Amino acid sequence: MNYLHDDKIKFFEEKANKIRESIIEMLVEAGSGHTAGPLDMADIFTVLFFHTLKHNPKKPDWPERDRLVLSNGHICPVLYSTMAHAGYFLVEELKTLRKFGSRLQGHPHRDFLPMLETSSGPLGSGLSQAVGMALADKIDHGLTSERRIYAFLSDGEQECGQTWEAAMLAGKEKLHNLIAVIDRNNIQIDGYTENIMPLESLSDKWRAWNWHVIEIDGHNMEEIADAFETAKAIFGKPTVIIAHTIAGKGVREFERDYRWHGKPPNKEEGEMAINELRTLGGKIKSEHE
Amino acid sequence: MPINPDLKLNTKMFDEKVEQVPIRQGFGEGLLEAGEKNMQVVGLCADLTESTKMNLFADKFPNRFIQVGVAEQNLASVASGLAAMGKIPFISSYAMFSPGRNWEQIRTTICYNNRPVKIVGSHAGISVGPDGGTHQAIEDITITRVLPRMVVLSPCDAIEAKKATLVSVDTGTPVYLRLAREKTPIMTTVVTPFELGKAQIFWQSTKPQVGIVATGALLHKALVAAKELEEKGTEVEVMNLTTIKPLDEKAIIEFAKNTGKIITVEEHQIRGGMGSAVAECLVKNFPVPMEFIGVDDQFGQSGTPEELIEYYGMGTNSIIQAVNKILKR
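Quick mapping for you: the protein sequence lines, in order, are chains R and C. For the first sequence, the working numbering begins at 1 and goes up steadily by one. For the second sequence, the working numbering begins at 290 and goes up steadily by one.
In short, the hints are calculated from the structure, not lab data. Bear in mind that the values here come from a model prediction, so they are computed numbers and not experimental data. Any given hint could turn out to be false.
To spell it out: a stretch of chain R is covered by chain C in this simulated footprint if at least three of its residues, at any positions, have a beta carbon under 8 Å from a beta carbon of chain C; those stretches are [unchecked claim]:
| hint | region |
| --- | --- |
| 1 | 113-119 |
| 2 | 134-145 |
| 3 | 159-167 |
Heads up, simulated DSS-like pairs for lysine-lysine below, C-alpha to C-alpha not over 25 Å straight-line [to be verified]:
| hint | chain 1 | residue 1 | chain 2 | residue 2 |
| --- | --- | --- | --- | --- |
| 4 | R | K138 | C | K349 |
| 5 | C | K521 | C | K306 |
| 6 | C | K349 | R | K174 |
| 7 | C | K516 | C | K617 |
| 8 | C | K326 | R | K138 |
| 9 | R | K237 | R | K174 |
| 10 | C | K546 | C | K573 |
| 11 | C | K349 | R | K172 |
| 12 | R | K174 | R | K54 |
Here are the in silico distance ranges between beta carbons for each label pair [unchecked claim]:
| hint | chain 1 | residue 1 | chain 2 | residue 2 | range |
| --- | --- | --- | --- | --- | --- |
| 13 | R | G191 | C | Q309 | 54 to 64 Å |
| 14 | C | Y600 | R | R259 | 49 to 59 Å |
| 15 | C | E393 | R | N266 | 44 to 54 Å |
| 16 | C | E393 | R | G191 | 22 to 32 Å |
| 17 | R | D111 | C | V359 | 30 to 40 Å |
| 18 | R | N266 | C | E339 | 55 to 65 Å |
| 19 | C | K573 | R | P198 | 51 to 61 Å |
| 20 | R | L143 | C | K349 | 17 to 27 Å |
| 21 | C | K614 | R | G191 | 58 to 68 Å |
A virtual CB, placed ideally from N, CA and C, is assigned to each residue, including glycine.
So that you can see chain C by itself, here it is in the shape it has in the complex:
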């Protein structure tokens, strides 16, 4: 089995009944633990406390929780003021509204001002589903990774989201934490190492023909594709890229050198997203053929998560097709 044994991943990740938990749940549990460990942690929410799972923190620490109402611009700047007084604020809403609606406040009052506010964007990606395109944030990686000082984290499952939340507390920087709504497969375990800024190869091969870099819950689709491809005689490696910024350039260059061809997979617009970040790195350092899996310059719509993932070309079959395509290049 080419699952990387060093990472102590979930051995049941390919089972039909693999445990599924929403990534946002991991954040909720992580913030609760962070609140217990660090008195300076405060939580702010814009009328989506239960949806973003900040309710776990709010119920336990009502004196450190601030409900700002439907006012995302205020949400960001109030947090900046709290951080100016030594607090470590986590602000939560749907990614479409924060960092979507309040981008300038995040730029000026958080990043430019150098305040360590943690922006938690839940319901990112197209898999938000039935709510439709207005609520599907597929531009958030682009608009956060372009900001100086911002750390951008996109965990692959609930367990990793909890670790990412806890690590965010102590960065001393602004952080964008990207979360998803739906239950998605658990790939890691509590003992899987997690280090900010470090990419990890989840699926290994002795002679890989293609390297797949995935972020978020779609990592599972990439791993399923890798397994199916292996059964048909095509060997690939799969990297989990949780920290989109700062980018683990060393690991990505090494990955390109070992595999020779790169495919990126993200539940996000292709333009400006994680794939673009990888391309920026490789074009400069070690250019290789690349394919990009993501939303191709469109808005989303209502549907089940699975329907939408398939329709917009981000499912397992799309990844396999991209591998076959790039092998001919």
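Next up, chain R with everything else stripped away, as it sits in the complex:
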């Protein structure tokens, strides 16, 4: 089923591009942080915040809202950037990332930005927290609840034992209100995942714990939106969306190179990246030309 019209897809693509530009700008300004993951999750975050998620940027503590748990806290630039573009706070504030006193801590911290659902950073514990939220919703509202709990995980943290403890419990409890999304970008800080610790077959592993598994191209807006809708329709088990992404997506010089996992662009690299994003990879004339 196709949930999106062409004009909506175009809107998403432009929005994702803006979110990527902000990611580059904030990382250059911060002088530290992670580049690849935030860039490659920009498309999925765009669809989530501008289409799928039940939320209210003007009323972040709206009790009826869905919940979003970012387990791989190090990709917070994409979360902050998307939140800003969705209207949670001014885009200008993104430039305070990682600075003393900023609400935008190097890894997400609720003390500084209470509209975050969790503080995170140490890998492997986000899915457990999302499981707890889904259990609470099930206790309070039973099987008819429309609320969904979204947990974002990296592929590297599939190496954490706790991820599997949580997956087991969610399968046991048949948490249909829980949707996990794995950023399958194949890189982690020390190298390519299959060299560091082979993860495949990821889908077989999740299926074994009684999860419904969907695999998508994480840069195809239609596939992203469809996967979320399918996940909402699945009953009797949790859903994991394995999103195949290109690490550093959007800036060719950064793409597929694990060395961009944990470092920011410098000023020149940032200007190059912004130019590439603004010209859609040279497809249109730069506004600076």
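For this one, chain R is given, so just place chain C on it according to the hints.
Below, chain C alone, put in the same frame as chain R:
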């Protein structure tokens, strides 16, 4: 009798046949009552439901009980998620595994995240006995009291454990509740006042030469030592320190001023434990000579609780010896 009359303590606490109940039993009964009073209370356990006495709650409220299996890291973080949705989760396991194995999850997903999860560590201390050193948590006070926002409670008997459990529900903070496995003497009564953050003097003296601060079931050894010392003409006072954090600094400073010498007694490593907390307070505010009763940088082993308490120097005789030693300082 220098038992503090205001506290309405168990008058039979020195009888040979003093009533003995496991401290964990008090928790089980307290959680059951908390579950009846507050619908938001939920219980989670990592395959030790009966051992930790959470079965009383689980049997009565199966819809509010979650069995996570042998997965203590998940136990802590799932509870954080439940608390994020307004629940008041109690998580139970052996103290060695929670807060032992899952310390980082407790730090990040509970304390850093500011979620009011109650961590119930049963089978704390060396008196776990025959199971041996792997199962004897004697580092748990250190690793919990160092965490910002954490309240650390170490009740002295089953009756106090029940009160501590009920008080934990409403703190709005993470709490570590330290429990023990063995049957231990009942020192308090249902009418003994209990207030979080307040130390209480159980054994009084008009002219004390030494002050003993004890926590957990070893408080009884300290009281027996005080009684024996009094019979031999040495006067001491004994304080029950249930709330290790936040520390009742005012009461401890006052205690040091009145007694002049302090001995701490705990079933825990000396380094970093309750004695260290008392020392941190006194060194800064009113330094006095101190002695520390506890495990001295060792691991435990199999044996009966009494054998182990004696061997590791935490029995009544060890306390009396420490008093005699500090009197010469």
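Each hint tested on the structure:
1. 113-119: Holds, because 3 residues of the region 113-119 of chain R bring their Cβ atoms closer than 8 Å to Cβ atoms of chain C.
2. 134-145: With 6 residues in contact (Cβ-Cβ under 8 Å with chain C), the coverage given for the region 134-145 of chain R holds.
3. 159-167: Per the Cβ count (4), the hint holds.
4. R:K138 / C:K349: holds, 19 Å
5. C:K521 / C:K306: holds, 24 Å
6. C:K349 / R:K174: holds, 22 Å
7. C:K516 / C:K617: holds, 20 Å
8. C:K326 / R:K138: With a Cα-Cα distance of about 21 Å, the restraint between K326 (chain C) and K138 (chain R) holds, given a limit of 25 Å.
9. R:K237 / R:K174: holds, 4 Å
10. C:K546 / C:K573: holds, 13 Å
11. C:K349 / R:K172: holds, 21 Å
12. R:K174 / R:K54: holds, 22 Å
13. R:G191 / C:Q309: 54 to 64 Å: At roughly 59 Å between Cβ atoms, Q309 (chain C) and G191 (chain R) fall inside 54 to 64 Å, so the hint holds.
14. C:Y600 / R:R259: 49 to 59 Å: With Cβ atoms ~56 Å apart, the hint holds.
15. C:E393 / R:N266: 44 to 54 Å: Once the Cβ atoms are compared, 33 Å apart, the range 44 to 54 Å for N266 (chain R) and E393 (chain C) is violated.
16. C:E393 / R:G191: 22 to 32 Å: Holds, at about 24 Å.
17. R:D111 / C:V359: 30 to 40 Å: Once the Cβ atoms are compared, 32 Å apart, the range 30 to 40 Å for V359 (chain C) and D111 (chain R) holds.
18. R:N266 / C:E339: 55 to 65 Å: holds, 60 Å
19. C:K573 / R:P198: 51 to 61 Å: Holds, since K573 (chain C) and P198 (chain R) (Cβ atoms, about 54 Å apart) stay within the stated range.
20. R:L143 / C:K349: 17 to 27 Å: Since L143 (chain R) and K349 (chain C) have Cβ atoms about 23 Å apart, the given range 17 to 27 Å holds.
21. C:K614 / R:G191: 58 to 68 Å: holds, 59 Å
When the structure is compared with the earlier hints, a violation turns up for hint 15 alone.
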